[in-house]
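Engineer: Spelled out from the first residue to the last, the chains are:
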Amino acid sequence: MHKDLEDLKEIIEECVAGKAQAQAKLYELFAPKMFGVCLRYATDSAEAEDNLQEGFIKVFKHIDKFKHKGSFEGWMRRIMVNVSIEKYRKQHFMYPVEDVEIYESNVFSNDILDEISVQELIGLIQELPPRYRMVFNLFVMEGMGHKEISKEMNISEGTSKSNLARAREILQRKVKNLYREVETK
Amino acid sequence: MKEIKNIDKAVKEKLEGFSVVPPPHIWENVQGQLAAGKRNKRIAFTRWIAAAAVVLLAMLAGWYFNNSTQPDSQTTAQQQTPGINTVVTPKTRSKGKEIQQKELIGENTTQTQSNKKEGNSGNSQKQITVLSTSNTVAKKSLYKKNLPPVRENQLLFAKINRKEIRFNTLTTEIFLEKHATAEPNEFTLTNEDKMLIAANVASKNTDKFENRRWKMGLNVSPGYSSQVVNHSESYAQNMSYSGETGNTNIGGGFAVQYKTGKRFSIESGVYYAQNGQKSAASMNLFASKNDVGSNYYSSNESVSMDAVSRVSTPTFSNTVNINNGTILMNGNAGIVALDATPKGAEITTNAETKSMIAPGTMVAEGEFSQVFDFIEIPLLLRFRILDTKFGIELVGGLNTGIVVGNNAYIDNSYGVQNVGSTQDISEINLSGAAGVGMSYALGKHISVAVEPRLNYYFNSINSNPEVDFRPYRIGIYTGVYYAF
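Protein sequence lines, in the order shown, are assigned to chains H and U.
If you're matching positions, the first sequence starts at 0 in numbering that gives the first Met the number 0 and goes up one per residue.
If you're matching positions, the second sequence starts at 0 in numbering that gives the first Met the number 0 and goes up one per residue.
Check the hints yourself; a few may be wrong.
[Stated by the list, open to error] Straight-line distance between alpha carbons at most 25 Å, and here's what the computed BS3-like set of lysine-lysine pairs gives:
1. U:K13 <-> H:K173
2. H:K146 <-> H:K89
3. U:K258 <-> H:K150
4. U:K261 <-> H:K57
5. H:K68 <-> U:K261
6. H:K175 <-> U:K11
7. H:K173 <-> H:K160
None of these hints come from the bench; they were simulated from the model.
Just so it is clear, the structure is predicted and the values come from calculations on it, not from any experiment.
Chain U with its partners taken away, still in its complex shape (with noise of 0.2 Å):
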């Protein structure tokens, strides 16, 4: 028994610090597979991008064609529609481009690798192999920053190398001379039959990637915008009506996350958003055609019979300025140019005023609102708190919000009418995004996520000094994201 613990114990001594540096060509092996399985995920992932510009534009597609046969009159302004594709495509192609250069950068970082001989410690065989590190040739000014690690690291392996000799003069030439009869075939091997044979070797193993960088997710968000607005006296005086409220809606879109670290990624994509406010049941004085006309032209006999009607529907009414057949309204937003007198609407005019500019007031059952839709492409960046199954991540940004929709639209007995759009109008705007994110994994590849956002919108998306329209929206994004 004693012998037995003996012999195991001199093998493990013996054997324990037993070191060799393998022959250069396992290195270049190890980073092609490396390299290969990067390049695949970026193959994959354009693929992705692909397939999802398609969704994408069938989607806004979808919207559009179903935006434009509204039931209107042949008062509905269509002038949303040009800005989609054009807005669109040019960001989806400039991706791919990226995608395209980051993989040329990643082909030019081929490793080199050096043989050094180093006759040392009496032994003229034996052949040390060291490996450089110098081994990104494409970026000369990362190189430079990393050179001083980089010495103290050889340094640190030479001292290795060191001990290696060291430990290896005692021992017998059979061992390495077995190296020496391989390596030959190795060398005729030029680096690029080596690397394409990696490529191929990598590409038969498609270990999967545990470390998911990347995350693509659908998105739905219903959601409530509203706005935080200011108007200038003047402009105010023209606007009689005060009692806005905000817009339920539903946006969507597609996102794209890609991991930095541990607990950071950052995200974009393309979504759809609605902004808008409603102005209706506001005017407690002029609140009905049938008011205006008893309090302004004839007897006060219907105002009994007005104040009970009042109360079930909803009547807008404004001051509006008629110039040259184009009415215009101060409105919450900014001031609109309606297309025509809406349905069910009637325009009374000061008889008393002679001038040309003729002001009148607007009146109309239902309520008149101001829509905005906005695609939105945000940036932001997201922190995970908790990093299990059930995952917390904070989430703030920037988001790029450009006009593809300007609307404005009077609801009364007719039907949903689009009488024109808002003047002065910004196309580009930026907004702030914050919020708090939950997500559960289903599998390794597939979760779910639920995210409260709040966009809020910096600058007066109006560029009329007279309003300052800033609308917030509050969403809760929920989608399905698939990692890889």
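Chain H extracted, bound-state conformation (with noise of 0.2 Å):
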């Protein structure tokens, strides 16, 4: 492990430089895994797919200001976060407010998620309105507090409390419903 972050950290070296064959090296690396954060964000995987390009282009114009303090992971990450979130402002910045109406929330085991795969969850993540899949993502995925989440997204606090939780409401809604389905088939 220790000699693969050595490796990383001499490839980061060459992506300062400039070099096509380092480039490649982290883009192999990290793709897969920075997709899958960007198709949580996004509505769809062409989305994602966009939204990674961009990211991408961010890490390797940007890389010479990664100081190898704290993961280099999470600094990625945090780029195609940033790229999800403007991409976000730009298309939904006249979504409607909703009120918020906190629903009486269900029983809800872990065992039902367990049934349903990946895939699937990150389906409903993506059907969820815009806006609750961002603080969603932001909240859950992220660890981020509503304070920092409202400046992110440019709401409210309160609006962040309740789109969370009507993001949470919609996706035990839509497990259940589901898992119902995958049970009476």
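Using the hints, put the two chains back together into the complex; each one sits in its own frame.
Structural biologist: Below is the structure:
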């Protein structure tokens, strides 16, 4: 593992020097995972592909700014998330704000989620209304607080909270529906 | 509340390591855009070079015409002219060629990507695209050298893929089918098409590179020139003055820097600089023509008067050889061929010598100087010590100095007269350069810099074995730089 890290450092340094071969290596190493990140934030895979492409161009242009402090993957991921947020802002800034409406939470067990596939889950997340999807991802996957999310998304903290709640609600319902479908088959 | 936490946690666990190999055209697009970005920069750079060359030529032309209209009598020597154009233009042209070649090489490194099908884990639908790392087709040797790390990397990558496969076996095909429907369209495009599309996208997407590698600057460098000089004994015997001083002057030019790494950059450019020396007020014994008269030929009535006048007017005198109408004089920087007797100067011949060569003494009020104009092409390595808004750099390297002007002047009551030139001066000389640069960034692109730099000629610029004349110059290079 240590050697891998050293290799990565070398690859990054070569990327800073603009070497095409190193860029290809870096892409190979991280593209699948970053595509996974982009897919979570996008409405469909076409949008995710666009974001991945844009994200990687940013990565290569700014790679000299990576100071080898903290994880490189985390740094890259942050770039992908930022690109996704930017894209969202461009596309959905007119999206209507929905009122807070906390649904009573049904009993939900992990077992159900185990039954559905990662691809299905991604599909369900992609089907979420764009802002719910963004907030849900930022909160759950990036571990951001509502304050941070409200800044990133240019919304109020209350909106962030309610969006998260709605996102959970919708997801739970959809997961259950899907689960039922699986069961009845 | 418990359930809410549960779904968050469950989703996070499930999606944390989620990864999908993206379709191959994305990497092609990324590369296309990166290459296009570089190309744009290069085009911009060649434009700058061209613009700078025009400015430089204009400067040189101005300098030349300014020089040739010097207030002088019929004895003005003009011989520094033809060198300028022939020396400067090939340099800039060849730079242009280099850039084009680089560009061509850049275009040759089109990347190939191969899709490999892997039937695995019982999932026949699964298509895993593996990106080939061997993407630099152009340079075989380079490719060979880098082969081992590539292999290692492929192994590493293969590991990752295997993980993915394991991870994805449970998943449905819905998602992958989505891809499958999207992909055929992509494959009808040829590689060139994709490159073209990518380049077009890139030209629209003119994101500026934060990392600016090129820097161009215009400099003026007020400075002080002097020299280290040694003469053979026989040469020195015919040199009767000894008080040499340096020469303040202004040089300048333009510089191009290229950042090779985080802290290192290389610099080249074209500079104009002057080196020279002055000899004046040196003769205690033969300080003025009146002195000579009094000491050699007549009574000493005027001696006391001259002693007074000597203080106020610097006077120059030296032994000269007159041979077939040419007056040769052992100057500090080498033998000076005088075109004619300068105004306000007298040449006293030794009447007792009967040989063809009639040595004499030239006496003139004023200062005598030998001045050399250089076009300098530096190759400098710069190391950045302090990399903030205010930067400090160490500079060192070599300088090719091409002598484009070689003149001897006498400055007396008749004005500055160009009286001849120094013989045996080598046209091309090598000097070392060292300095400390300080810069301050005014914005993203523009910075100002002050850089004291010492230029020292390793070898005598005079090929005459009797004379070892090595000029040096301390200049304060002050200029504006543009980074892009």
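Engineer: When you check the alpha-carbon spacing of K258 of chain U and K150 of chain H, does it fall within 25 Å?
Structural biologist: Cα-Cα ~37 Å, so violated.
Engineer: Check whether the Cα positions of K146 of chain H and K89 of chain H lie no farther apart than 25 Å.
Structural biologist: holds (21 Å)
Engineer: For the pair we were handed, K68 of chain H and K261 of chain U, check the Cα-Cα distance against 25 Å.
Structural biologist: holds (17 Å)
Engineer: Take a quick look at whether K175 of chain H and K11 of chain U sit within 25 Å of each other, Cα to Cα.
Structural biologist: Holds, at about 18 Å.
Engineer: Is the straight-line distance between the alpha-carbon of K173 of chain H and that of K160 of chain H 25 Å or less?
Structural biologist: Within the cut-off at roughly 20 Å; holds.
Engineer: Below or equal to 25 Å on CA atoms is what counts here, so check K13 of chain U against K173 of chain H.
Structural biologist: holds (16 Å)
Engineer: Need the status of pair K261 of chain U, K57 of chain H: alpha-carbon distance at most 25 Å?
Structural biologist: Distance ~19 Å between K261 of chain U and K57 of chain H Cα, so the pair holds.
Of the numbered hints listed earlier, the single one contradicted by the structure is hint 3.
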